[in-house]
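Visitor: One-letter residues, chain by chain:
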Amino acid sequence: MRKRRLSLIAGVALAGLTLAGCSPASESTDTANADQVEVFTWWASGSEKVGLDALVGVFNEQYPDVEFNNAAVAGGAGSNAKAALASRLEANNPPDTFQAHAGAELTDYVAAGQLQDLSSFYADNGLNEAFPATLIDQLTSDGKIYSVPSNIHRANVTWVNVSVLEGAGIDPNVAPADMDAWIADLQKLKDSGIETPLSLGTEWTQMQLMENVLIADLGAEGYSGLWDGTTPWDGPGVATAVDHYGQLLDFVNSDYVGLDWDAAMQLVLDGNAGYNVMGDWAEAAFVQAGQTYDTEYTTWATPGTDGIFDFLADSFTLPVGAPHEAAAIDWLTTISSAEGQKAFNIAKGSIPARTDAVASDYPAYQQTALKSFGEDTVVSSLAHGAAAPSSWSADLSSAIGKFGADRKSDALIAAMVSAASSALG
Amino acid sequence: MRKGVRNWGPPLLLVSPTIIILGIFVYGLIAANIQVSTTNRHSLSPESEFVGLENYMALLSEDRFLHSLFNLVMFTVVFIAGTMLFGFIWAWMLDKGVSAEGIFRSVYLFPMAISFVASGVVWRWLLNSAEGDRASGLNRIFESLGLGFLQNAWWNEPIWGMAAIAMPAIWQLSGYVMALFLAGFRGVPQELREAARMDGASEWKLYRYVVFPQLSPIALSALIIVSHMSLKVFDLIMSITGSIYQTEVPATYMWVTLTSNDYAKSATIATILLLLASLFIIPYLIQTWRSEKANR
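Protein sequences appear in the order of chains A and B. The letter at position 240 of the first sequence is residue 240 when you use the working numbering, and the numbering goes up by one with no holes. The letter at position 235 of the second sequence is residue 235 when you use the working numbering, and the numbering goes up by one with no holes.
Since the hints were derived computationally from the structure, they do not count as laboratory data. Note that the Cβ used here is the ideal one computed from N, Cα and C, for glycine as well. Keep in mind that the hints are not guaranteed to be accurate.
[What the hints assert, rightly or not] Each computed EDC-like pair below joins lysine to aspartate or glutamate, with the alpha-carbon atoms no more than 20 Å apart: (1) K408(A) with E62(B); (2) K190(A) with E131(B); (3) K408(A) with D133(B); (4) K190(A) with D235(B); (5) K408(A) with E157(B).
[Claimed, not checked] Some chain A residues flagged as far from chain B (calculated, every beta-carbon gap over 12 Å): (6) G57; (7) N173; (8) G401.
Hey, can you work out the whole structure from these sequences and the hints?
Guide: This is how it looks when you write it as structure tokens:
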């Protein structure tokens, strides 16, 4: 009797568990509703989220009938989002539009046939005239354009602590003419007692410093030629750049390998270092520290790169098989419009890609960036996915990190040559 | 005993969900991984063709992978030596008898409850390699204690850097080894100890000749568990240094290649890691299976 009651209870429990497993699918995406757009980004916090919210505001004004579906994935400065995106694309379940760094980072997606050509979109919306010609060059691969940039950052900016330089008798308002002059200034700072004239951080910041040196020593055309095979990696220009980079490493803080970019910038903010080479998202750090442009800090194009704008851009794409293609095109129209770019960039601290932006809307540093973007030659940033696809830049990052450890120039050049040959095929 | 299906049917039915899930998600995916590692799929494009062992040959002759293997070996050796040594000493001291044994046991075992990521964040600060004026973490503590000469670059050292990364791991897992050894110590029957004492053995001789030999199976299982933990180390390194060249191990290298969409290469590294771990585990499993068979 007891056994039967026990088995009855066990049977009921089993049935209950089975029913619990049959819960209805909680998917709320309604694919029949054509008036929504699923936007996949990694802008889930901080100034980036503020920017996204501003963009959404403009989008709702311009297209009130289309619902914005925020599919942001947080964490890892985009690596979590990229991993989630890769699995969605693999499963043929693309979002309506996704964020990616403009330029070579898209080649993986293009080669896999996952992106649609946006050249006709550019023609229809007059973007070929609104964006600078050199930017259009950098965005075009094989005659096609695959993304629409929403904001432009500059990666060849040197942030300078004014009082540290004045203390050593260096004029902070005059940028050194080239790398050799800058190294002389760094030596002057060191002799005046500043232990770490140049601050540096972890691997990607080292790669960014290296790209600045490459631009300075090779010039815009030489540097751009590195990425399509016209400039040899074992040529004299790269050898000079590697030599300069090695000399720069003699002036950096000893613990640079473990510092993230903001900890490295903190040395400049605190007056423990004179210079740091970083992209213009660093502006937010200075604003937060209450410092004023041209008073406590100033910026110039990294010595030797004057007249060159090293760009990186966040951009949006149109995947093949996007469920709501018309709504996605609406989104792309908003982010490339003057109002959309203004709202986004003022909130995020970058500059718009359009040349018709009004400079007085933007704070002091951005005005210098806008001027440069309109006049200078635009080249692509290596450290931020514009110049080289992710596998090539990962190889270079490791080689540059290794150079920091063992300082073997020949090994670095050999590694860069082999990375280029495996990437270019 | 019932015969045939009625004997082994119900137990099999009970275990079958686990077997099916393990079969799909562990062994099935291992097989899929090995299959990907024999292709040339180095990008997002789904086309791939069979290339046999080419990826393995390329990887094993690559400087970067050999450097990561060297880092792994250095980490493993220091980690195993540290945890076995500290775990054994603590278990021995606790076995000799101490008044607040429960408190000491908890204190030593507690770090194991913290995730590597959380402790990695703190150790990242402690192991900061700045020296002198800008020192922080351990370097600053040494300086303020007057032990300034002990300051060093920790994991930034060219060859011994990985030993510094092993420090947090030793701190966290020595308690586990201590628990294993303590159980072993407690498992030695009192009669044996009393008999040895009656035969005139000193305390040291008692431990050396009676107790320690009985601990060798425990030591072996502790060694196996700790070594396969160290082969897989990933989260500790990512939270202390991120994925950089100086502290690269195969697991972090695999992560870097995966995020660069080089699927075949990361599958190859994963398979090599699996083989390395099996080198330790499989002989152990065979040996326990044999001894269980002998005991039946």
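Visitor: Looking at G401(A) again, its CB stays over 12 Å from all of chain B?
Guide: 3 Å, violated
Visitor: K408(A) and E62(B) were given as a pair; does the straight-line alpha-carbon distance stay at or below 20 Å?
Guide: 17 Å, holds
Visitor: Quick one, are K408(A) and D133(B) close enough, alpha carbons at most 20 Å?
Guide: 29 Å, violated
Visitor: Given the hint that K190(A) pairs with D235(B), test it: the Cα-Cα distance must not exceed 20 Å.
Guide: Status violated; Cα separation ~38 Å.
Visitor: Straight-line Cα separation of K408(A) and E157(B) no greater than 20 Å?
Guide: 16 Å, holds
Visitor: Since G57(A) was said not to touch the interface, does its Cβ keep a gap of more than 12 Å from each Cβ of chain B?
Guide: The claim stands: G57(A) keeps its Cβ more than 12 Å from every Cβ of chain B (closest is about 33 Å).
Visitor: Is the Cα-Cα distance between K190(A) and E131(B) 20 Å or less?
Guide: Holds: K190(A) and E131(B) sit about 17 Å apart, inside 20 Å.
Visitor: Minimum C-beta separation from N173(A) to chain B exceeding 12 Å: can you confirm that?
Guide: 28 Å, holds
Violated hints, in rising order: 3, 4 and 8; the structure is consistent with all others.
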